[in-house]
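Trainee: Protein sequences appear in the order of chains A and B. Under full-length UniProt numbering, the first residue of the first sequence is numbered 1, with each subsequent residue one higher. Under full-length UniProt numbering, the first residue of the second sequence is numbered 1, with each subsequent residue one higher.
Bear in mind the hints are in silico, worked out from the structure with no lab data behind them. Take the hints with a grain of salt, since some may be wrong.
Note: identical chains are not told apart, hence a pair may lie in one copy or across any two.
Unchecked claim - 25 Å max Cα-Cα, derived SDA-like pairs, lysine to any residue:
{"id": "1", "residue 1": "Lys186", "residue 2": "Ile131"}
{"id": "2", "residue 1": "Lys89", "residue 2": "Trp128"}
{"id": "3", "residue 1": "Lys186", "residue 2": "Tyr123"}
{"id": "4", "residue 1": "Lys84", "residue 2": "Asp115"}
{"id": "5", "residue 1": "Lys186", "residue 2": "Thr198"}
{"id": "6", "residue 1": "Lys112", "residue 2": "Trp128"}
{"id": "7", "residue 1": "Lys112", "residue 2": "Gly195"}
{"id": "8", "residue 1": "Lys112", "residue 2": "Met98"}
{"id": "9", "residue 1": "Lys79", "residue 2": "Trp163"}
{"id": "10", "residue 1": "Lys112", "residue 2": "Ala143"}
{"id": "11", "residue 1": "Lys79", "residue 2": "Val36"}
These numbers come from a predicted model, not from an experiment.
Protein chains: 2
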Amino acid sequence: MHSTQVVTYGAHRRSASRLTIFAHLFGILAFILMLVWLLHYRGGIEYGSYDSFRVFNVHPFLMFCGFIFLSGEAMMAYKTVQAKHIVQKVVHMILQLMAFVLGVVGICAVFKFHDMAGIEDVYSLHSWIGIATISLFALQWLAGLSTYMFPQTDVTRTAVLPWHVCHGRTLLYMSIAAALTGLMEKATFLNLRHGHETRLINIIGLSILLFGIFVDLSVALARYV
Amino acid sequence: MHSTQVVTYGAHRRSASRLTIFAHLFGILAFILMLVWLLHYRGGIEYGSYDSFRVFNVHPFLMFCGFIFLSGEAMMAYKTVQAKHIVQKVVHMILQLMAFVLGVVGICAVFKFHDMAGIEDVYSLHSWIGIATISLFALQWLAGLSTYMFPQTDVTRTAVLPWHVCHGRTLLYMSIAAALTGLMEKATFLNLRHGHETRLINIIGLSILLFGIFVDLSVALARYV
Numbered sequence: 001m002h003s004t005q006v007v008t009y010g011a012h013r014r015s016a017s018r019l020t021i022f023a024h025l026f027g028i029l030a031f032i033l034m035l036v037w038l039l040h041y042r043g044g045i046e047y048g049s050y051d052s053f054r055v056f057n058v059h060p061f062l063m064f065c066g067f068i069f070l071s072g073e074a075m076m077a078y079k080t081v082q083a084k085h086i087v088q089k090v091v092h093m094i095l096q097l098m099a100f101v102l103g104v105v106g107i108c109a110v111f112k113f114h115d116m117a118g119i120e121d122v123y124s125l126h127s128w129i130g131i132a133t134i135s136l137f138a139l140q141w142l143a144g145l146s147t148y149m150f151p152q153t154d155v156t157r158t159a160v161l162p163w164h165v166c167h168g169r170t171l172l173y174m175s176i177a178a179a180l181t182g183l184m185e186k187a188t189f190l191n192l193r194h195g196h197e198t199r200l201i202n203i204i205g206l207s208i209l210l211f212g213i214f215v216d217l218s219v220a221l222a223r224y225v
Numbered sequence: 001m002h003s004t005q006v007v008t009y010g011a012h013r014r015s016a017s018r019l020t021i022f023a024h025l026f027g028i029l030a031f032i033l034m035l036v037w038l039l040h041y042r043g044g045i046e047y048g049s050y051d052s053f054r055v056f057n058v059h060p061f062l063m064f065c066g067f068i069f070l071s072g073e074a075m076m077a078y079k080t081v082q083a084k085h086i087v088q089k090v091v092h093m094i095l096q097l098m099a100f101v102l103g104v105v106g107i108c109a110v111f112k113f114h115d116m117a118g119i120e121d122v123y124s125l126h127s128w129i130g131i132a133t134i135s136l137f138a139l140q141w142l143a144g145l146s147t148y149m150f151p152q153t154d155v156t157r158t159a160v161l162p163w164h165v166c167h168g169r170t171l172l173y174m175s176i177a178a179a180l181t182g183l184m185e186k187a188t189f190l191n192l193r194h195g196h197e198t199r200l201i202n203i204i205g206l207s208i209l210l211f212g213i214f215v216d217l218s219v220a221l222a223r224y225v
């Protein structure tokens, strides 16, 4: 029975590694298509521009290519960084911090756009989910720092780990939900129904969703090892 | 060391039970608020109506109150149904089947609405995510039926379980993403920005998201027991 379990777990380890590759691929696909969308269809990305729409475009760019992409890569650091455990932990922490900082700049961009265009802040479901996500993300990062980077007993660290892992996953899916509602709001607002741009936005949305799903599956199945 | 682990796992078991209660509460809250929204603000729910908007309202009602709510409850059946394992399995299977059937009727309602109102089908990100979700849900149900209801070796069932659990969770989050993009599309399309209805839709969206998160946490943390 014991040997059977070892074989089974080995199969999950191999599958989890393949899933990590899919996560990277969908992440990079969404990254590239997001750039194509913003640069080719939406007039470019520039925080200091006088054109309010170029300022707005900083928001989707940094929220996915900064916040979600780096955060997902940070979650997979224990699989992708072939180094000592402490190095993996530091890479995980630094990537999550970079994700947070870029996320905050991305949110500042949309507030700046609202100021320039005279639009009210934080009224939509997208904005409510987004604000909740980045706030809880900051708390999760601080909780992770105090538990795993400052001196703690192994008992505490082991007890906190399932919470840290599960909360991290829910935050990943919350950020995906924020991204998809954001794309949906933008597409509906632009009254896009036909043509290349609609399909491009849909493919970006599905790629972001698949990135999140494969990050989750890759991390979750690896824990069955 | 062994006793420490038992204490830790016991704590997760208790926490998981409390999380299940939160899942039920947010599910019921979203259920009630969805009814308030559709009956009070949107003119009612009726599949056979000549008013296309009453036909449309069947869609959000059945997709959350039928598909997502029953599917989430089915995932928690192993915790909420205090009976033999085989009874829990049958309840899980039947609830998932009911969720699927109501989901299909809900999708038929929106196709009927599109026919009545002369709107094109399946162009939005919401519709792409929704169609993908219900299709994969059917495959997952059939795979679960053949693995856990038909004769199989315990080795096969144990090997498939992590996949069944992880795919189930990703389908839950996909259905939540479909619901939130749907609410976002509707709110943007109605050009709602102020007033009670906007806030009601946002609170319905957050309640649906919290229902999904607490179902996930409840099921995931229970597995650390």
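Trainee: Evaluate lysine 112 and glycine 195 at a C-alpha cut-off of 25 Å and name the case that applies: within, between, both or neither.
Mentor: between (30 Å within a copy, 24 Å between copies)
Trainee: Given a CA cutoff of 25 Å, do lysine 186 and isoleucine 131 count as a within-copy pair, a between-copy pair, both, or neither?
Mentor: both (17 Å within a copy, 21 Å between copies)
Trainee: Between the shortest in-copy and the shortest cross-copy C-alpha distance, which are at most 25 Å for lysine 89 and tryptophan 128: within, between, both, or neither?
Mentor: Answer is neither; intra-copy 31 Å and inter-copy 37 Å both fail.
Trainee: At 25 Å max between alpha carbons, let me know whether lysine 112 reaches alanine 143 within a copy, between copies, both or neither.
Mentor: neither (30 Å within a copy, 49 Å between copies)
Trainee: Treating 25 Å as the Cα threshold, decide for lysine 186 and tyrosine 123: within, between, both or neither.
Mentor: both (14 Å within a copy, 14 Å between copies)
Trainee: Since the copies are identical, ignore which copy is meant and state whether lysine 112 and methionine 98 lie within 25 Å (CA to CA) inside a copy, between copies, both or neither.
Mentor: For lysine 112 and methionine 98, only the intra-copy Cα distance (21 Å) is at most 25 Å; the inter-copy one is 47 Å.
Trainee: Should lysine 112 paired with tryptophan 128 be assigned to within, between, both, or neither, using CA atoms and 25 Å as the limit?
Mentor: within (17 Å within a copy, 32 Å between copies)
Trainee: Is it within, between, both or neither when you check lysine 79 against tryptophan 163 at 25 Å Cα-Cα?
Mentor: both (20 Å within a copy, 19 Å between copies)
Trainee: Should lysine 79 paired with valine 36 be assigned to within, between, both, or neither, using CA atoms and 25 Å as the limit?
Mentor: Cα proximity of lysine 79 and valine 36: none, with 30 Å in one copy and 47 Å across.
Trainee: Given identical chains, is lysine 84 near aspartate 115, meaning Cα to Cα at most 25 Å, within a copy, between copies, both, or neither?
Mentor: Answer is neither; intra-copy 47 Å and inter-copy 60 Å both fail.
Trainee: Regarding lysine 186 and threonine 198, is the shortest C-alpha distance of 25 Å or less found within a copy, between copies, in both, or in neither?
Mentor: Classified as both: same-chain Cα gap 10 Å, cross-chain 17 Å, threshold 25 Å.
Hint violations for this structure: numbers 2, 4, 10, 11, all remaining hints satisfied.
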